[in-house]
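Asks: Here are the chains, one letter per residue:
Number of protein chains: 2
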Amino acid sequence: MPLDLTGDPADLTAALVDIPSVSRAEAPLADLVEAALRAQTDGFEVVRSGNAVLARTRLGRDRRVLLAGHLDTVPIADNVPSRRTEGPHGELLHGCGTVDMKSGDAVFLHLAATVAEPRHDLTLIFYDCEEIAAEFNGLGRIERELPDWLAADVAILGEPSDGYIEAGCQGTVRVRLTATGVRSHSARSWLGKNAIHALAPVLSRLADYSAREVEVDGCTYREGMSAVRVAGGVAGNVVPDAAELDVNFRFAPDRSLAAAVEHVQSVFDGLGMDVTVTDGAPGARPGLTAPAAAELVAAAGGARAKYGWTDVSRFAARGIPAVNYGPGDPNLAHTRGEHVPVSQIHQVTDVLRRYLTGRPVDNR
Amino acid sequence: MPLDLTGDPADLTAALVDIPSVSRAEAPLADLVEAALRAQTDGFEVVRSGNAVLARTRLGRDRRVLLAGHLDTVPIADNVPSRRTEGPHGELLHGCGTVDMKSGDAVFLHLAATVAEPRHDLTLIFYDCEEIAAEFNGLGRIERELPDWLAADVAILGEPSDGYIEAGCQGTVRVRLTATGVRSHSARSWLGKNAIHALAPVLSRLADYSAREVEVDGCTYREGMSAVRVAGGVAGNVVPDAAELDVNFRFAPDRSLAAAVEHVQSVFDGLGMDVTVTDGAPGARPGLTAPAAAELVAAAGGARAKYGWTDVSRFAARGIPAVNYGPGDPNLAHTRGEHVPVSQIHQVTDVLRRYLTGRPVDNR
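If you read the sequences in order, they're chains Y and G.
Okay, so the first sequence: first residue is 1 according to UniProt numbering, each after it adds one.
Okay, so the second sequence: first residue is 1 according to UniProt numbering, each after it adds one.
Hints were generated in silico from the structure; no laboratory data involved.
Check before you lean on any hint, since a few could be wrong.
Stated by the list, open to error - Chain G stretches covered by chain Y per the calculated footprint, using a threshold of three residues with CB under 8 Å from any CB of chain Y:
#, region
1, 57-66
2, 95-104
3, 144-158
4, 167-178
5, 183-191
Beta carbons are placed, not taken as given, at the ideal position from N, Cα and C, and that holds for glycine.
Could you build the full structure based on these sequences and the hints that come with them?
Replies: In structure tokens form, the structure reads like this:
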């Protein structure tokens, strides 16, 4: 059955949820999205790239707004097809992808079909494989193969943000601390040097660490440094000669990646640990002072800091202000009980319609 | 080729090493040991039990001395057949089992064939599967199936002790400490409670722990408390809600197992950790004041504390004074480079001959 882009975006969300699209198996959904865009929108160039669908206008507007959402979901957990319940604050739509992020996709598809004269040029990207390893990410593929499609003055990712504009993102750096010792039989422990015991001062510094809170471009960021893995031990009767601890530092976007690494090293300074950086990604400043972004914030009535690392950073790295803005509580993403308030789907639709048309919305 | 029990016990050691007998594959060696005991000793009742061989006299002596050694070895590591080299302090015999413990077996077999009129009744037990999980231990099987064979006034295990009498043994107790927390995304670490960080004070107490040194029955024991395993972590971007630490306490035999457990709990008192005992075995007091044991100590010129847990404890649990006494440096056991000084095989043979005959030995 073809998708109806022009009806209620909550109904469209339900229709999208009812077509399973676990990562790498997005083809049936991508086919329907492509067909619907070709049939139900005007003035869009539509392109297919693998399991991604791209569409854009060329109206010659001063600014271009990019709307992007991934079509894939995590594996289904007995939560497809969608169903509706009545909650204390209104109707809820339940099912895999209702939050992450078929409700966001539905809003974008609905706007593409129903905003007749946008005041900005529009680019829509519906992509694949966001929920699996970064190397497979469809937006990454588009960035490599069709980079001109990412040109925009502001990018809006429809990731769940509970109906708030979330801007920028934290950076992340992971380090591995390795403690070394001397192996011995635990019956003669004084002949050895216990590498697990050597982690004591490291863990104490982590436990005592005071995380910084800082305002960047009007958004407040709170940092955090967390042990995320510890491992050590040879056998139940052996003093171990090695132990390792993985630490993840999430930092505000006023630090560069290099400055963040330096900060982590300074925290463990003087403990004689081998500290190796295993992974890192820079943060992104909110960048909400750019005109196209400021307009969006005004339409939504404010913005808050984004904490997690999302595809927003790809745009930030290209100098494009980017925000997350979508229906649904991000804490419900990837859970069996994933659900979204229907009213939030309408609210996000209305805000974006106001932003794209410059006109007040008649509140249904 | 049959074993020659009457020649040089170093040659006999080499012959035993040249017949592979990795745990569970002791049958060919047990066959030869049984045949040699039947053919080359007088006055012994010889019994076969699986891959174990037992022999005992019934001379009506006041006291009975039990000599026990396991026939099995750890897996061969390119170190069979045996070979000899000349070291700075005399000849060395190399090969799998030269230390652990075919040299001890050879001494016992040689004495059984060459001590014509022992002043004590003798029991010999050559058993299987000592080097693998305790449930398969041949001495344990004999204890269950032929318990009267373990009756003795003193038991000598030929485990490598570098030619010293090693008496008693440490006890051991293992506990698992479990820290709990609250899981959260590491980008919002303040919403979680990091269970790995909660190990900081536990590791500090271990690092600061002062181990006791105590004399028991004339032997000095040194205790030790060691972290032997640490594990925690959910994913690289998650504040973990659980972490666990395994601690091994090796304690002097003046503490009971229950008292040792209580001591471990007191060390971690007040940290709010869940402490579970996962494994424990009591220590054994040296018990060298019993007459048959005191004679042996006199013959060897002294005794020292045994640290590791060995089959000695089985006898101690039955109220039988028991010691380890055998050629070879225990630190070389289970190593590719396992080797024993030939002179130590002779020395142990001479001391035990003096003990069993009550006569001075002509030093070859």
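Asks: With a Cβ-Cβ cutoff of 8 Å, does the region 144-158 of chain G contain at least three residues near chain Y?
Replies: violated (count 0)
Asks: Establish whether the coverage given for the region 95-104 of chain G by chain Y is satisfied; the threshold is a Cβ-Cβ distance below 8 Å, and no fewer than three residues must meet it.
Replies: Since three or more residues must qualify, the claim that chain Y covers the region 95-104 of chain G is violated, with 0 doing so at under 8 Å.
Asks: Establish whether the coverage given for the region 183-191 of chain G by chain Y is satisfied; the threshold is a Cβ-Cβ distance below 8 Å, and no fewer than three residues must meet it.
Replies: holds (count 6)
Asks: Counting residues of the region 167-178 of chain G that have a beta-carbon nearer than 8 Å to any beta-carbon of chain Y, does the count reach 3?
Replies: It holds: at least three residues are needed, and the region 167-178 of chain G offers 3 whose Cβ sits within less than 8 Å of chain Y.
Asks: Report holds or violated for chain Y covering the region 57-66 of chain G, Cβ cut-off 8 Å, minimum 3 residues.
Replies: It is violated, with 0 qualifying residues against the three required.
Against the hints set out earlier in the document, violations occur for numbers 1, 2 and 3.
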